[in-house]
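Q: Going down the list, the protein sequences come from chains Y and Z.
Using numbering that gives the first Met the number 0, the final residue of the first sequence is 292, and nothing's skipped along the way.
Using numbering that gives the first Met the number 0, the final residue of the second sequence is 292, and nothing's skipped along the way.
Don't read these hints as lab results, they were simulated from the structure.
Be aware that a few hints might be false.
[To be verified] Within a straight-line C-alpha distance of at most 30 Å, the following computed DSSO-like cross-link-like pairs (lysine-lysine) qualify: (1) 15(Z) to 216(Z); (2) 216(Y) to 15(Y); (3) 216(Z) to 216(Y); (4) 15(Z) to 216(Y); (5) 15(Z) to 15(Y).
[As the list claims (entries may be wrong)] Simulated coverage check for chain Y against chain Z, where a stretch passes if three residues somewhere in it have a Cβ under 8 Å from a Cβ of chain Z: (6) 80 to 88; (7) 118 to 125; (8) 215 to 226.
A virtual CB, placed ideally from N, CA and C, is assigned to each residue, including glycine.
Next come the chains, spelled out residue by residue.
2 protein chains.
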Amino acid sequence: MNAIDPRLSINQATIKHADLATALRVTAEAGVPAIGLWREPVNEVGLDVAASMLADSGLRFSTYCRGGFFTVPEGPVRRAAIDDNRRAIEETATLAAAGAPGSKAILVLVAGGLPDGSRDLAGARGRVRDALGELAPDAAAAGVTLAIEPLHPMYVSDRAVVSTLGQALDIAADFDASVVGATVDTFHVFWDPQVLDQIERAGREGRIATYQVCDWKTPLAADVLLSRHYPGDGVIDFASLTRAVEATGYAGDVEVEIFNADVWATDPRVAVQRTAAGFQAAVSPYLRVPVAG
Amino acid sequence: MNAIDPRLSINQATIKHADLATALRVTAEAGVPAIGLWREPVNEVGLDVAASMLADSGLRFSTYCRGGFFTVPEGPVRRAAIDDNRRAIEETATLAAAGAPGSKAILVLVAGGLPDGSRDLAGARGRVRDALGELAPDAAAAGVTLAIEPLHPMYVSDRAVVSTLGQALDIAADFDASVVGATVDTFHVFWDPQVLDQIERAGREGRIATYQVCDWKTPLAADVLLSRHYPGDGVIDFASLTRAVEATGYAGDVEVEIFNADVWATDPRVAVQRTAAGFQAAVSPYLRVPVAG
Chain Y
0 MNAIDPRLSI NQATIKHADL ATALRVTAEA GVPAIGLWRE PVNEVGLDVA
50 ASMLADSGLR FSTYCRGGFF TVPEGPVRRA AIDDNRRAIE ETATLAAAGA
100 PGSKAILVLV AGGLPDGSRD LAGARGRVRD ALGELAPDAA AAGVTLAIEP
150 LHPMYVSDRA VVSTLGQALD IAADFDASVV GATVDTFHVF WDPQVLDQIE
200 RAGREGRIAT YQVCDWKTPL AADVLLSRHY PGDGVIDFAS LTRAVEATGY
250 AGDVEVEIFN ADVWATDPRV AVQRTAAGFQ AAVSPYLRVP VAG
Chain Z
0 MNAIDPRLSI NQATIKHADL ATALRVTAEA GVPAIGLWRE PVNEVGLDVA
50 ASMLADSGLR FSTYCRGGFF TVPEGPVRRA AIDDNRRAIE ETATLAAAGA
100 PGSKAILVLV AGGLPDGSRD LAGARGRVRD ALGELAPDAA AAGVTLAIEP
150 LHPMYVSDRA VVSTLGQALD IAADFDASVV GATVDTFHVF WDPQVLDQIE
200 RAGREGRIAT YQVCDWKTPL AADVLLSRHY PGDGVIDFAS LTRAVEATGY
250 AGDVEVEIFN ADVWATDPRV AVQRTAAGFQ AAVSPYLRVP VAG
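Next up, chain Y with everything else stripped away, as it sits in the complex:
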């Protein structure tokens, strides 16, 4: 068995077709110390049961996916989205309390795309900030950090109007850094000519809530959502990005989150092993800080 990096976390999306029990089991059995969970499989068993299962697994809880999708204008749909985010905040706090020592209460936020029929990117972006203004008090009260995730610009119209780390930091700047931070995901930011400067800025401003890694290669999958690859299988320079994140003092878990039909069709035990091996070869050499206890 290969060595497992003590800072590796498996994001549950990497083994999407595993239910919660299976995801926890294969992650723990592989010797991976942490996991990032998704709402759907948690709510499938119920929050309290999920928290108990997580506690029994002995795994650290690294992030919760996901909140957001609050770019629609005011009205019942927006109210439902805000309420749903409030539930996600509570779930995040509950799960973080159930995880092993070192667990974090971090809710990853994907902003949402343009509302149907709209061409108003600036307006949608403004509504992201407005939503954070509504949710920040709840997050602060629950001890949860909202981690705005800039998504690759190819998703700007249908998934996330937050497209760069710099933009996420500009939005976060109105809020306390313990309440609103950013998700730094290599797949989404590696292309950005400003990425190293913005990682340095994110660290200086205390905003790196979570660091996630997966790889990019072309041709992109026909469904571009599913174009993510094991670290090392593509063209991303994990050395420069990881060193930049480490240089900020970030000492948390590093999640691998892969949306890829081939990975999803793999036995989840094998997918976790391959993830750990790719991580060990492509990312671990650049991690200098042991995981925070």
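The hints should help you fit chain Z onto chain Y, whose structure is shown.
A: Same frame as chain Y, now just chain Z:
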């Protein structure tokens, strides 16, 4: 017959399967005053013949596509690329001289992606600047403007390591604005949270060599290169982008360049008509400056 905007130019890629004679004929017969040509169909008939055909068409020549693809390290492949760009510069000058009054000598540059097996984006980006340093004297001597085209970040690894207008302007800054400028293409830049500021900057620095329009919608085509649409068929806000370009004083032709299998399968006369109609509805209302004579 609908009105044709006097600043509309058909980029030849929109009617990719038309040969040069057909492209010139359908463009002129539609009453469109300008055309942007591609090297392959020009070289198919030979430069002198192409120049003569262009002169006979009575069309303005708005840009030439394309140079670039010079991200590989030093060696015979790089030398061949530089030499090929020198030929493209000469071709640009010849065609611009043959076009109707108001023709421009603008060579659009697509930088090229990561060399095979490389993960060094910064290195590839540095070699773009180096290549411009080699080519700028030739361009200046020929009276040609090299128009760096930032491409959407989804093309960063396999097509263009220049991903934002700001990055293109940073690269151009080392050179005289009459020699190195930028291509502003709505499809490639509309997502950028900084785009309006960078258009203003591009104007202030005298770098807007050409303004190109086409639309974005999802889902993206399975081959993401072919995801471009007629203006108005997608989600791009042509009002804010076009007003920003116009506010800089840009008074040149506005090209429509569409890579799309359905558009290519359309009779070129019909494709030109549909392009003109989309332009008239989605772009023309925001053009305030008549085309420069």
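Q: Okay, which hints does this one fail, numbers in order?
A: Structure breaks hints 5, 6.
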